[in-house]
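As numbered in UniProt numbering, residues 1 to 214 make up the sequence shown, in order.
Hints listed in this document are in silico derivations from the structure and should not be mistaken for laboratory results.
Watch out, some of these pointers could steer you wrong.
Label-pair distances were calculated between CB atoms; the ranges are [as the list claims (entries may be wrong)]:
(1) K30 to S201: 12 to 20 Å
(2) T180 to N131: 49 to 57 Å
(3) D35 to R147: 38 to 46 Å
(4) S197 to K77: 41 to 49 Å
Dumping the calculated BS3-like pairs for lysine-lysine here, alpha-carbon to alpha-carbon at most 27 Å [what the hints assert, rightly or not]:
(5) K145 to K198
(6) K175 to K122
(7) K142 to K203
(8) K99 to K192
(9) K170 to K145
These figures come from a predicted structure and were not determined experimentally.
Note that the Cβ used here is the ideal one computed from N, Cα and C, for glycine as well.
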Amino acid sequence: MKRELKKTKTEELNELIPYAIDFTSYLLLKISGIDRVILHGSVARNDYDSDSDVDLFIDTPKDINKLLIKTIDNYYKTNKFNEWELKGFSNSISAIFGKLDSKDWQDLKRSIMNTGIILYAKYKSQPKKTNQYTLFNLENIKPEKKRVLVYRKLFGFSQNKKFYPGLINKYNAIKVGKGTILVPIEHTNDLKKYLQSKNISPKLYDLWSDEKLN
């Protein structure tokens, strides 16, 4: 649904997040057993446009598919939603659900840990702060010419007595071994996008450390 606003993007974001929170409050009244509600996608990254959906991940062990669809549809009929429409905010709610810590959602979890915004969460005692990393394992990049070009981009190269740094320098990553890179979680998606642009699918492993490793 399009809208015309004479507001800065920061002002829009300051409204879109409360809009998402308002739906979350309605959701929690209608569906039990929810552990967390997390805003992700373009609104959380602050690169949305007027037609962007408000993307939510509902962290729950329950199968709430039918109930979730009904709840979203009913929210659009509420007076509260009508008030948001009058303000110029009627972005569609796009919600998915599941257990975020399961293997099914590993890629989304990495993205959420980088840019996601928690709108609701059950209280848990705070664990000791840890640093999360992703281990990239690059195997059998072929042909050889492609492997050389990719490795130069990743690890840098020397030419005419001058060193040109690679992405591991940019992302504060660590070369652990041949074709193995340890990357801070905040740069995981950046490196993954580069590799995908080269049609490379690395094996990824999530690691945690009590200390920063670089």
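For each hint, the structure was consulted:
{"no.": "1", "hint": "K30 to S201: 12 to 20 Å", "result": "violated, 40 Å"}
{"no.": "2", "hint": "T180 to N131: 49 to 57 Å", "result": "violated, 18 Å"}
{"no.": "3", "hint": "D35 to R147: 38 to 46 Å", "result": "holds, 43 Å"}
{"no.": "4", "hint": "S197 to K77: 41 to 49 Å", "result": "holds, 43 Å"}
{"no.": "5", "hint": "K145 to K198", "result": "holds, 13 Å"}
{"no.": "6", "hint": "K175 to K122", "result": "violated, 38 Å"}
{"no.": "7", "hint": "K142 to K203", "result": "holds, 16 Å"}
{"no.": "8", "hint": "K99 to K192", "result": "holds, 23 Å"}
{"no.": "9", "hint": "K170 to K145", "result": "holds, 23 Å"}
Consistency with the previously given hints fails for numbers 1, 2, 6, ordered from lowest to highest.
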